[in-house]
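Modelling step: build the complete structure from the supplied sequences, incorporating the hints.
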Amino acid sequence: MRQPPSQISRISKEERWRLQVAGGLCALGGVALAARLFQLQIVQGAELRELAARRRLRRRPILARRGAILDRWNRPLARSIYQYHLALDPTSVRNPDQFLELVRTHLKIDPRPLEQAIREAQAQGRRYLRFATFVPPHRAEPFLKAYRAIPIREKPAIINKEVIPAREYPNSRLAPQVLGLVQLEEDPDEGNRLVPVGGIEKSMEARLRGVNGIEEGEGAPGGLIIPETLRARTLPVDGKPVRLTLDAAIQEAAEQALDALWQKHRPAGALALVLDARTGEILALANRPTFDLVTREGLKGQMEALRNRAISFLYEPGSTLKPLIMAIALADAQVRLTSRFHCKGSMPIGKRRIRCVVHGKGRGHGIQTPEEALLNSCNVAMAQIGMRAGLEWLYSALQRLHLLEPTGVELPAEESGYTTPPDEVRWGRDLREANLAFGQGVQVTPLALAAAYTVLANEGQYRRPHILYENAQREAPIPVIEPLYARAVVAALVRAVEEGTGKKARLDGYWVAGKTGTAQKAIPGRGYASGKYIASFIGIVPADRPRAIIMVLADEPRNGYYGGEVAAPVFRQIAQFLMWHWKVPPNRAPQSSRTPQRPVYEEFTITGGIG
Amino acid sequence: MKTRASAPLKRHGTLSRAAVYSAPPSAPPAKPALTRNPSLFPHRTLFWLTVFLCVMSLVFLFSVNIGEVLKPNATQTSLFHLFRLAIMQALWVGVGFVAMALMAAIPPRFWQQSAWVWMALCVGVLALIQFTPLGHAFNGAERWIRVPVPVLGAITIQPSEAFKLASLFWFCALYALPERRRWTRGAYLLLAVWLFGVILVERQPDLGTAMLIFALGVGVAFLGGASLAKLGLLLATSVLGIAALIITPLIKSHLSGEPLDAHKTSYRVQRIMAMLDPWSDEQGFGYQMVHAQLAVGSGGLTGVGLGMGREKRYLPAAESDYIFATIAEEAGFLGGIIAISLLGGVVYACFHLAMRARTRFGRLFAGGLALWIALSAGINLGMALGLLPTVGIPLPFLSAGGSALVSLMAALGVAQSIAREA
Ligand SMILES: [Zn+2]
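In order, the protein sequence lines correspond to chains B and U.
If you're matching positions, the first sequence starts at 1 in this note's numbering and goes up one per residue.
If you're matching positions, the second sequence starts at 1001 in this note's numbering and goes up one per residue.
Rather than coming from a laboratory, the hints here were simulated on the basis of the structure.
There may be inaccurate statements among the hints.
What the hints assert, rightly or not - If you want the ones that stay clear, here's a sample from chain B, every Cβ over 12 angstroms from chain U, calculated:
id: 1; residue: Cys26
id: 2; residue: Ala32
id: 3; residue: Ala34
id: 4; residue: Gln41
id: 5; residue: Gln83
id: 6; residue: Val237
id: 7; residue: Asp259
id: 8; residue: Gly390
id: 9; residue: Tyr462
Stated by the list, open to error - Computed cross-link-like contacts, SDA-like style, restricted to lysine to any residue with a CA-CA straight-line distance of at most 25 angstroms:
id: 10; chain 1: U; residue 1: Lys1230; chain 2: B; residue 2: Arg126
id: 11; chain 1: B; residue 1: Lys145; chain 2: U; residue 2: Trp1183
id: 12; chain 1: B; residue 1: Lys155; chain 2: U; residue 2: Ser1320
id: 13; chain 1: B; residue 1: Lys155; chain 2: U; residue 2: Ala1215
id: 14; chain 1: B; residue 1: Lys13; chain 2: U; residue 2: Leu1091
id: 15; chain 1: B; residue 1: Lys13; chain 2: U; residue 2: Pro1316
id: 16; chain 1: U; residue 1: Lys1230; chain 2: B; residue 2: Arg16
id: 17; chain 1: B; residue 1: Lys13; chain 2: U; residue 2: Leu1387
id: 18; chain 1: B; residue 1: Lys155; chain 2: U; residue 2: Pro1178
id: 19; chain 1: B; residue 1: Lys145; chain 2: U; residue 2: Leu1058
id: 20; chain 1: B; residue 1: Lys155; chain 2: U; residue 2: Gly1153
id: 21; chain 1: B; residue 1: Lys155; chain 2: U; residue 2: Arg1181
id: 22; chain 1: B; residue 1: Lys13; chain 2: U; residue 2: Arg1313
id: 23; chain 1: B; residue 1: Lys13; chain 2: U; residue 2: Pro1178
id: 24; chain 1: B; residue 1: Lys13; chain 2: U; residue 2: Ala1215
id: 25; chain 1: B; residue 1: Lys13; chain 2: U; residue 2: Gly1153
id: 26; chain 1: B; residue 1: Lys161; chain 2: U; residue 2: Leu1228
id: 27; chain 1: U; residue 1: Lys1230; chain 2: B; residue 2: Lys344
id: 28; chain 1: B; residue 1: Lys155; chain 2: U; residue 2: Pro1316
id: 29; chain 1: U; residue 1: Lys1230; chain 2: B; residue 2: Val21
id: 30; chain 1: B; residue 1: Lys155; chain 2: U; residue 2: Arg1313
id: 31; chain 1: U; residue 1: Lys1230; chain 2: B; residue 2: Glu14
id: 32; chain 1: U; residue 1: Lys1252; chain 2: B; residue 2: Trp17
id: 33; chain 1: B; residue 1: Lys344; chain 2: B; residue 2: Pro136
id: 34; chain 1: B; residue 1: Lys155; chain 2: U; residue 2: Gly1401
id: 35; chain 1: B; residue 1: Lys13; chain 2: U; residue 2: Phe1083
id: 36; chain 1: B; residue 1: Lys155; chain 2: U; residue 2: Trp1183
id: 37; chain 1: B; residue 1: Lys155; chain 2: U; residue 2: Tyr1348
id: 38; chain 1: B; residue 1: Lys155; chain 2: U; residue 2: Phe1083
id: 39; chain 1: B; residue 1: Lys13; chain 2: U; residue 2: Glu1179
id: 40; chain 1: B; residue 1: Lys155; chain 2: U; residue 2: Gly1225
Bear in mind that the values here come from a model prediction, so they are computed numbers and not experimental data.
Ideal placement from N, C-alpha and C gives every residue a C-beta, glycine not left out.
So, in structure tokens, the structure goes:
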């Protein structure tokens, strides 16, 4: 070691004043800080304390659980779950690699774009970055558990979870138009909630919704309320479940049967509706086009998929109205079972002419009994009944069938059937009378028409249709006609299936009563669109002891347009399923050939003693 | 203090080479004569101030620690992990006192002679961390070297804190030399090495510490008698340079029409804008400032009570950069003034020591140490009280953090050994 320099030296004047200057500056700084402390704590103290307290006050909503939607056997069609939005404080990220690994293993999120997003958020100084949205519980919970297990001072980042209410569907393609969509509305003050878009979700909103609770107190970071600062707490009230008359199994069968029609005939829209013949309960209601409730596939850009055609599609029922008019006419003695009509294929009314669709014969249907008029779907015969009974009678008949009013089913935005009231008809009364009798010039909804068929299936008593289970149980039947006439028309409809246009609806082992409809599509105020048809079929099964009314409708089908061709096979598929599902004992011997043998259904022909 | 009669009484700066490097033959050997007070910590005031500050630090860190424990996502079960923050700081205080005692036992001359070695060593470590995978191997890519220790868990060491002390040593040694001998080629080389070290710290990135170290160098130069004109010029250029650095993104975004956020270093401007009006950007850059001011304001005259502070739950870095906000909230204006007074007392004691130290190195070191503590405390408190933009500089003694505490207490140990010679 070198000899150290001699170090002792007296402090020089220059050193002294420099030290004094430095010390003086430090003292000035100290005084300034103390003054600022005084300003903040004593001068502004009360104000800042109040501000801080108000800023710490948090309203934390406690989410209510939305009620489930159940089918008639209490099987869930839609139920509530919680999902999570996960966010992090980008400035708190200590160990990005550990965090990204955690996210990758548990949430299956690609770490690279996330890493980029975190870096950008850090550069912008943001304190909140959502890195995963709508995380289902089976993903979020293991992630949160792993996160909680990390010692607090070693957390790779501070994260925050937000609870998101969501709907879960055991089968997301089942009756979406009936259930309706829900959309998330984020509301940090009152709590996130689901807003209904249509269907039962909307019509039963008041019962399903429930009421979110609120906690108010000082918030700790992470969203919880510090218990000792709690000022107010209202507990949430969960929504109540809604039980529908739908049967998930039948609905599934209806959806499947409709798929076949949808693919083969590619219509603009289609519908399959199953009613309990004795109670008017809606057992299944399938619509096309449709969508997936979870993925929302099929919903993009077109609201058509949300539309429930059973209540919103107004159309001219055509031939499917004839059995109902005939039944009322028989009951009111406007027609007797022994009456005879003569059909020459067409009939002049004023300047116009109404026509029958006659297959093969070329010259009209000839002499027709009321039963044959239904079997052959004879327009001329129906026109004669209508003209004989008059417009006022026809209007009241439609009213007694509840076709000119909404059915009151528990679904939102139901349309009402409509025809011009008789006192507003200024000209062409004859033509209107004729047209109304075979289902033209009147607009109805499919549900109202199917419900009117309960009069036929249910011994002359009308059953109002319902989809809410408890309402269906409360509803009393409304007598419309004598049971006798209802039976007579059902018998005629059995023949229509066996011999007439509905052959494709026949079932092995069961009697089917049904009526096809092939109507040219009406354009309001401009007559009929050429080449555009509505093909439909309504049937009662089994005809001898009615259990179900099934309606199938296709709007503008391609590859054929007859109701018997397009809609009847769908009816048959659903009816077949119902008979198996309900284990209805077959009461009809297997037929050796498909050609009908009159004696076999003799029991349905109306014999002497009536009329 | 009276100077010894045997010491050369020539004016500083005009000593002959012979006078500096060899004692006059009539004088007894310098070393034993320097030691007057044989106790380990001869400067009682400084020692007790240090003890008080360490106790205060532990009390409030424990309080912040309780706040952390009550956070909803805290699910620690072991008591050690629950109170790791406070326990670790207590251990560091112990280490700090050991370091202080060791340094107090070593004569200052040793540091004066070897100062450049330590300074170069620190720069070497900083460079290793920055440029070689060694830093990564210790999982200390940025500011820290992370050393896994059994039982305690990973301990982080911040080499830039040691660099502060080494810089102080070197500058004091440099300016303790007579002016003629000061700026040799070797000194310029070492100055370049030191500047490189400062740049490394800035690149970590830790602009605050880099500026502090730079200011410390300038401060010692001022105390050491550097020409005021030159210092003024240096200060002016560095202020302009830093201002240019900060303002560049602002001008760029004005010219290009892009939003300010698109530029990488825009956060510096935004921090300054947040300082001017933190309430306008409460959820962003102003967040810490707003909550620090709310915490301080909530304290009032006597505070909300120990452990009862609320805002510490909202303040990031409540245990380190913003510990004063918690002190002011829980102990009020009185507590805040006590903390400022204790720190001011240390600064005063250091300046006082500088006035009466008998070696030039000792005076410079004590004065430099005073500046170090005053600058760090001033910047930290200015930030906590909303007078300065957010910079990550810990409050001396009070903030959690072992490296800063140990290097500071080591420096105080040196001050004690200087006091022994006084
Ligand atoms: Zn005919």
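Okay, the hints, checked on the actual structure:
Annotated as non-interface, B:Cys26 brings its C-beta within 12 angstroms of a C-beta of chain U; the closest such distance is 4 angstroms. Non-interface call for B:Ala32 relative to chain U: violated, since the shortest CB-CB distance, roughly 8 angstroms, does not exceed 12 angstroms. Not every C-beta of chain U lies more than 12 angstroms from that of B:Ala34, the closest at about 6 angstroms, which undercuts listing it as non-interface. The claim that B:Gln41 lies off the interface is violated: its Cβ sits roughly 4 angstroms from the closest Cβ of chain U, which falls inside the 12 angstroms cut-off.
Listed as a non-interface residue, B:Gln83 keeps its Cβ farther than 12 angstroms from every Cβ of chain U; the least gap is roughly 20 angstroms. Interface exclusion of B:Val237 from chain U stands, the closest Cβ pair being 25 angstroms apart, more than 12 angstroms. Once the 12 angstroms rule is applied to beta carbons, B:Asp259 is consistent with being away from chain U; the minimum gap is 49 angstroms. For B:Gly390, the requirement that its beta carbon stay farther than 12 angstroms from each beta carbon of chain U is met, with the minimum near 76 angstroms.
Every beta carbon of chain U lies more than 12 angstroms from that of B:Tyr462, the smallest distance being close to 61 angstroms; the non-interface claim holds. Note on U:Lys1230 and B:Arg126: the hinted pairing is violated, with a Cα-Cα distance of about 42 angstroms set against a maximum of 25 angstroms. Note on B:Lys145 and U:Trp1183: the hinted pairing is violated, with a Cα-Cα distance of about 63 angstroms set against a maximum of 25 angstroms. Restraint check for B:Lys155 and U:Ser1320: satisfied, since their Cα atoms lie roughly 17 angstroms apart, inside the 25 angstroms limit.
Of the supplied pair hints, the one linking B:Lys155 and U:Ala1215 is violated, its CA atoms being roughly 35 angstroms apart against a limit of 25 angstroms. Of the supplied pair hints, the one linking B:Lys13 and U:Leu1091 is violated, its CA atoms being roughly 43 angstroms apart against a limit of 25 angstroms. For the given pair, B:Lys13 sits about 47 angstroms from U:Pro1316 by alpha-carbon distance, which is inconsistent with the 25 angstroms threshold. As the CA atoms of U:Lys1230 and B:Arg16 are separated by approximately 20 angstroms, the hinted pair is consistent with the 25 angstroms bound.
Between the alpha carbons of B:Lys13 and U:Leu1387 the distance comes to roughly 35 angstroms, so the proposed pair goes past 25 angstroms and is violated. With a C-alpha separation of about 53 angstroms, the suggested pairing of B:Lys155 with U:Pro1178 is violated against the 25 angstroms cut-off. About 32 angstroms separates the Cα atoms of B:Lys145 and U:Leu1058, which puts this hinted pair outside 25 angstroms; it is violated. Under the criterion of a C-alpha separation no larger than 25 angstroms, the hint pairing B:Lys155 with U:Gly1153 is consistent with the structure, at around 14 angstroms.
Our distance criterion of 25 angstroms between C-alpha atoms is broken by B:Lys155 and U:Arg1181, whose separation comes to about 54 angstroms. With a CA separation close to 51 angstroms, the supplied pair B:Lys13 and U:Arg1313 exceeds the 25 angstroms bound. Between B:Lys13 and U:Pro1178 the alpha-carbon distance is near 16 angstroms, which keeps this suggested pair within the 25 angstroms criterion. A distance of roughly 23 angstroms separates the Cα atoms of B:Lys13 and U:Ala1215; the hinted pair therefore holds under the 25 angstroms criterion.
Restraint check: the Cα-Cα separation between B:Lys13 and U:Gly1153 comes to about 52 angstroms, which exceeds 25 angstroms; the hinted pair is violated. Between B:Lys161 and U:Leu1228 the alpha-carbon distance is near 58 angstroms, which puts this suggested pair outside the 25 angstroms criterion. With a CA separation close to 123 angstroms, the supplied pair U:Lys1230 and B:Lys344 exceeds the 25 angstroms bound. At most 25 angstroms may separate the alpha-carbon atoms for a hinted pair to count; B:Lys155 and U:Pro1316 meet this at roughly 14 angstroms.
For the suggested pair U:Lys1230 and B:Val21, the alpha carbons sit about 17 angstroms apart, so the restraint of at most 25 angstroms is met. Between B:Lys155 and U:Arg1313 the CA atoms are separated by roughly 16 angstroms; this keeps the pair inside 25 angstroms, and the hint holds. Distance restraint check for U:Lys1230 and B:Glu14: the Cα-Cα separation of roughly 16 angstroms lies within the 25 angstroms cut-off, and the hinted pair is therefore satisfied. Between U:Lys1252 and B:Trp17 the alpha-carbon distance is near 45 angstroms, which puts this suggested pair outside the 25 angstroms criterion.
This hinted pair does not check out: B:Lys344 and B:Pro136 have alpha carbons roughly 69 angstroms apart, beyond 25 angstroms. As the CA atoms of B:Lys155 and U:Gly1401 are separated by approximately 18 angstroms, the hinted pair is consistent with the 25 angstroms bound. Restraint check: the Cα-Cα separation between B:Lys13 and U:Phe1083 comes to about 52 angstroms, which exceeds 25 angstroms; the hinted pair is violated. At most 25 angstroms may separate the alpha-carbon atoms for a hinted pair to count; B:Lys155 and U:Trp1183 exceed this at roughly 50 angstroms.
For the given pair, B:Lys155 sits about 41 angstroms from U:Tyr1348 by alpha-carbon distance, which is inconsistent with the 25 angstroms threshold. A C-alpha spacing of about 15 angstroms is found between B:Lys155 and U:Phe1083, which places the hinted pair at or below 25 angstroms, so the restraint holds. This hinted pair checks out: B:Lys13 and U:Glu1179 have alpha carbons roughly 16 angstroms apart, not beyond 25 angstroms. Restraint check: the Cα-Cα separation between B:Lys155 and U:Gly1225 comes to about 50 angstroms, which exceeds 25 angstroms; the hinted pair is violated.
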